[in-house]
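So you can see what is in the structure, the chains are spelled out below.
4 protein chains.
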Amino acid sequence: MAGRTFQSRLMTGSGKFDSFETMRQSLAASGSEIVTVAVRRVQTNAPGHEGLAAALDWQKLWMLPNTAGCQTADEAIRVARLGREMAKLLGQEDNNFVKLEVIPDPKYLLPDPIDTLKAAEQLVKEGFAVLPYINADPVLAKRLEEVGCATVMPLGSPIGSGQGIRNAASIQIIVENAQIPVVVDAGIGTPSEAAYSMELGADALLINTAIAKATDPVAMGRAMGLATEAGRLAYLAGRIPVKTHASASSPTTGQVSH
Amino acid sequence: MAGRTFQSRLMTGSGKFDSFETMRQSLAASGSEIVTVAVRRVQTNAPGHEGLAAALDWQKLWMLPNTAGCQTADEAIRVARLGREMAKLLGQEDNNFVKLEVIPDPKYLLPDPIDTLKAAEQLVKEGFAVLPYINADPVLAKRLEEVGCATVMPLGSPIGSGQGIRNAASIQIIVENAQIPVVVDAGIGTPSEAAYSMELGADALLINTAIAKATDPVAMGRAMGLATEAGRLAYLAGRIPVKTHASASSPTTGQVSH
Amino acid sequence: MAGRTFQSRLMTGSGKFDSFETMRQSLAASGSEIVTVAVRRVQTNAPGHEGLAAALDWQKLWMLPNTAGCQTADEAIRVARLGREMAKLLGQEDNNFVKLEVIPDPKYLLPDPIDTLKAAEQLVKEGFAVLPYINADPVLAKRLEEVGCATVMPLGSPIGSGQGIRNAASIQIIVENAQIPVVVDAGIGTPSEAAYSMELGADALLINTAIAKATDPVAMGRAMGLATEAGRLAYLAGRIPVKTHASASSPTTGQVSH
Amino acid sequence: MAGRTFQSRLMTGSGKFDSFETMRQSLAASGSEIVTVAVRRVQTNAPGHEGLAAALDWQKLWMLPNTAGCQTADEAIRVARLGREMAKLLGQEDNNFVKLEVIPDPKYLLPDPIDTLKAAEQLVKEGFAVLPYINADPVLAKRLEEVGCATVMPLGSPIGSGQGIRNAASIQIIVENAQIPVVVDAGIGTPSEAAYSMELGADALLINTAIAKATDPVAMGRAMGLATEAGRLAYLAGRIPVKTHASASSPTTGQVSH
Numbered sequence: 003m004a005g006r007t008f009q010s011r012l013m014t015g016s017g018k019f020d021s022f023e024t025m026r027q028s029l030a031a032s033g034s035e036i037v038t039v040a041v042r043r044v045q046t047n048a049p050g051h052e053g054l055a056a057a058l059d060w061q062k063l064w065m066l067p068n069t070a071g072c073q074t075a076d077e078a079i080r081v082a083r084l085g086r087e088m089a090k091l092l093g094q095e096d097n098n099f100v101k102l103e104v105i106p107d108p109k110y111l112l113p114d115p116i117d118t119l120k121a122a123e124q125l126v127k128e129g130f131a132v133l134p135y136i137n138a139d140p141v142l143a144k145r146l147e148e149v150g151c152a153t154v155m156p157l158g159s160p161i162g163s164g165q166g167i168r169n170a171a172s173i174q175i176i177v178e179n180a181q182i183p184v185v186v187d188a189g190i191g192t193p194s195e196a197a198y199s200m201e202l203g204a205d206a207l208l209i210n211t212a213i214a215k216a217t218d219p220v221a222m223g224r225a226m227g228l229a230t231e232a233g234r235l236a237y238l239a240g241r242i243p244v245k246t247h248a249s250a251s252s253p254t255t256g257q258v259s260h
Numbered sequence: 003m004a005g006r007t008f009q010s011r012l013m014t015g016s017g018k019f020d021s022f023e024t025m026r027q028s029l030a031a032s033g034s035e036i037v038t039v040a041v042r043r044v045q046t047n048a049p050g051h052e053g054l055a056a057a058l059d060w061q062k063l064w065m066l067p068n069t070a071g072c073q074t075a076d077e078a079i080r081v082a083r084l085g086r087e088m089a090k091l092l093g094q095e096d097n098n099f100v101k102l103e104v105i106p107d108p109k110y111l112l113p114d115p116i117d118t119l120k121a122a123e124q125l126v127k128e129g130f131a132v133l134p135y136i137n138a139d140p141v142l143a144k145r146l147e148e149v150g151c152a153t154v155m156p157l158g159s160p161i162g163s164g165q166g167i168r169n170a171a172s173i174q175i176i177v178e179n180a181q182i183p184v185v186v187d188a189g190i191g192t193p194s195e196a197a198y199s200m201e202l203g204a205d206a207l208l209i210n211t212a213i214a215k216a217t218d219p220v221a222m223g224r225a226m227g228l229a230t231e232a233g234r235l236a237y238l239a240g241r242i243p244v245k246t247h248a249s250a251s252s253p254t255t256g257q258v259s260h
Numbered sequence: 003m004a005g006r007t008f009q010s011r012l013m014t015g016s017g018k019f020d021s022f023e024t025m026r027q028s029l030a031a032s033g034s035e036i037v038t039v040a041v042r043r044v045q046t047n048a049p050g051h052e053g054l055a056a057a058l059d060w061q062k063l064w065m066l067p068n069t070a071g072c073q074t075a076d077e078a079i080r081v082a083r084l085g086r087e088m089a090k091l092l093g094q095e096d097n098n099f100v101k102l103e104v105i106p107d108p109k110y111l112l113p114d115p116i117d118t119l120k121a122a123e124q125l126v127k128e129g130f131a132v133l134p135y136i137n138a139d140p141v142l143a144k145r146l147e148e149v150g151c152a153t154v155m156p157l158g159s160p161i162g163s164g165q166g167i168r169n170a171a172s173i174q175i176i177v178e179n180a181q182i183p184v185v186v187d188a189g190i191g192t193p194s195e196a197a198y199s200m201e202l203g204a205d206a207l208l209i210n211t212a213i214a215k216a217t218d219p220v221a222m223g224r225a226m227g228l229a230t231e232a233g234r235l236a237y238l239a240g241r242i243p244v245k246t247h248a249s250a251s252s253p254t255t256g257q258v259s260h
Numbered sequence: 003m004a005g006r007t008f009q010s011r012l013m014t015g016s017g018k019f020d021s022f023e024t025m026r027q028s029l030a031a032s033g034s035e036i037v038t039v040a041v042r043r044v045q046t047n048a049p050g051h052e053g054l055a056a057a058l059d060w061q062k063l064w065m066l067p068n069t070a071g072c073q074t075a076d077e078a079i080r081v082a083r084l085g086r087e088m089a090k091l092l093g094q095e096d097n098n099f100v101k102l103e104v105i106p107d108p109k110y111l112l113p114d115p116i117d118t119l120k121a122a123e124q125l126v127k128e129g130f131a132v133l134p135y136i137n138a139d140p141v142l143a144k145r146l147e148e149v150g151c152a153t154v155m156p157l158g159s160p161i162g163s164g165q166g167i168r169n170a171a172s173i174q175i176i177v178e179n180a181q182i183p184v185v186v187d188a189g190i191g192t193p194s195e196a197a198y199s200m201e202l203g204a205d206a207l208l209i210n211t212a213i214a215k216a217t218d219p220v221a222m223g224r225a226m227g228l229a230t231e232a233g234r235l236a237y238l239a240g241r242i243p244v245k246t247h248a249s250a251s252s253p254t255t256g257q258v259s260h
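Chains as they are written, first to last, in this note's numbering: chain A, 3 to 260; chain B, 3 to 260; chain C, 3 to 260; chain D, 3 to 260.
Simulated from the structure, these hints should not be mistaken for lab results.
Remember, predicted model here, so these are calculated numbers, not experimental data.
Be aware that a few hints might be false.
It does not matter which identical chain is used: a pair holds within one copy or between any two.
[Unchecked claim] Derived DSS-like pairs: lysine-lysine, alpha-carbon spacing no greater than 30 Å straight-line: (1) Lys109 to Lys144; (2) Lys90 to Lys109; (3) Lys90 to Lys62; (4) Lys245 to Lys144.
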């Protein structure tokens, strides 16, 4: 992705954990290598963000600065630039990644297609590897690819809602059309939903709330990591077709039977 | 289960594989410890069943003889007894397990509740650990538990159909009511469906066609094993509640944030 | 059905309405001709059941006595006989209908397949037109047909739950196999679910709670009547196939276009 | 809508019918008062479009010219102007309606959010009542409302696919946020899906393929009309809540019971 190679197809977020220690253990259990960080809140030393720089080991993890809290293209562009500086200060000199979020809607946290495209165009020009968070709109996804985004990140359902994949048909079309990786971001609540997203052909997932707010975040982190791998394996392994009738596991004839 | 302990919660079948070697590798990749075998076809040396005894290592695997091909209680009782003999001959002296299938319907392979209950009563009296294959009928499940069955095995959708879990509400009620393990059997086509079944609270799964008939059965076996574990972990880890609105991963306040 | 002809394919219940007047208006708005009545409660003058005989016009409606409150076959048989007497007293001399409910489960009100079949056999022998309430079990449905039931009445989801059709695949198999009418009973909460049941090929529906407990029962009664008719029309009219891709409403060529 | 009042909440299209006579009868059976017409094809006398002006009675029906076949904002603006002229020539002097379709994608016929917004702004300035066809993107819907559109028309699934409502969560958010009517357009295949869309709170529907390509278009037209009314009635009547457990239709106590 954007010229770099990662082993894990599960990205995670650092928000909402009860403690730094739980966060570290949960991310480790998930196997995730890419962790997203809200630049604006870290920069402003928002409550709970003190010490974030020290809390994660950026020798092992790759930082994905995000523009959470931005409502317009201009804001997001400014915060993206700050994010690049932050990554450099933390030792990731060549990190130009940005998760682009332009979110005018405070209730459902849904992104703005117009300003997201506008900001993406500018940030690509400035050399960023842009990963835009979008509604699952196949035409918008294609336009973002055409302006040079590194991935598209369609949502399955609203952030933190745990509703799972409510728009599978649209995500499948995005996957079918895309020449860049598709990362399903937001809405996943369970491992089955993570696996399902991968079975649809997504290249990767980003999960935060479902891990951080589980009763046992470390166990859930591990579950999500396993499910992401299972879904990818199944996508490659080729599932059986869905049939309307039954098909005996124990046929009367055949080379081998149980 | 029935006084024995197993590590894996994924049971598999031995039907439909293209070769013994693929079967062995797929079962190994899945991590499964319990494998079901169609007694009637092995006993009659049906095409493709020659050599089945030698094909699997019964020192490592636990045999679950099944009564596939039986349409009445009487037939199933007779075949169950034959299955017990078969297990003894293969070295499992204390194996009294039987997967009870009474299937009068050739198209959808759906079980008969009346004769299944009748056969289960008799087999329990004869000392079998009875694992009956049933429609997801909570009252029937309770009656089977009351006559002494070791588990109940509700189907998610018709055998080999790959339709997944088409009756989740009923399976949840069975799980809620049961004092014995609930094993979801039949219909699972993908890892997401396997994980989902476990997230509903099932204690174990039985999967055959989805592995055996995948394009790459070994990879799919591994995917199913991972997904079963992921679903169980998530069930124990406590998923986030489903919300109708969004919940920011990056709250304004809070102890830790991204 | 059972030798009688009705215009409407929507049956209703008389339970749970706030007043007799609302009940009468709601049933009229629905167009329903068959109304089910809980024999046991009427016979015992349970609270709120006084005056039920006078509350509905049995010159226009056809009574379907039901065995609600029975937990075993024996109880249900006795109550069915009482129901026949009740219908005669109310002027329906030739009414041998009974809605057979054998429900041991107080929480989900799910029926017992074993005792339902047992009671059905006996009641058919006694000349009843038996309409058994069942889980959507295709093999059980076939057995009930074979012992001479007039219909089968599979549930879509638990009574009064409003969960809709949670087992469409099973109901479709029942419809496909049945030579007698299939009436979807229980679980329908909305007109879309009513229409969907009819589109699956059901011959009729029975709806009570969704009408009686709607904020405006009369309007909901009318909505359910329209939806039942719409679903039946659509079943006969032949829906378009589901396609994975789009199909322009405005083709480039063709005889007529918009 | 846009200052005019209509009785029916079902809009229809004139494409894909086998004959003018079937089209007329189907639209009449549906009760629809607004019919959309593809301006570009009528203007160019595309095959099958000769005589369209005479085929429908514009004294009774209200024309909704659409910009099908346009891939950019500029094209759509030009075609919208042509549509206004066409309506005037057919006697609808005060008809400024336009169904705005900007569709660059030939396979799934999905609309372009960027050019749709651009065209909408211009057409509103020119005095059109703009009804834009969009992906179910709540933020885009709000922006279109802010620039003065008369409605928004989110798709349920791709045009003509008959997949139904594949994005109910998004449509519900659009309905919740909108101060203008929401018309679900595209994807509806059955009356149950029509009713469901209305139950979600949509103000109206537009259906073409599901009627025109049904085996019996006239019966399906009638079914769709009934279902649209049923769904609207139910939305106003207030459905029962969904419960996880059962609720007896025949309670032990209560004012009235069956």
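Do the hints match the structure? See the list:
Both within a single protomer and between protomers do Lys109 and Lys144 lie at most 30 Å apart by alpha-carbon distance, with minima of 27 Å and 14 Å respectively. In the homo-oligomer, the alpha carbons of Lys90 and Lys109 never lie at most 30 Å apart, since the shortest distance is 33 Å inside one protomer and 44 Å across protomers. In this homomeric assembly, Lys90 and Lys62 come within 30 Å of each other (Cα to Cα) only inside a single copy, at 15 Å, whereas the closest approach across copies is 54 Å. Taking the shortest alpha-carbon separations for Lys245 and Lys144, only the inter-copy value of 22 Å comes in at or below 30 Å, while the best intra-copy value is 33 Å.
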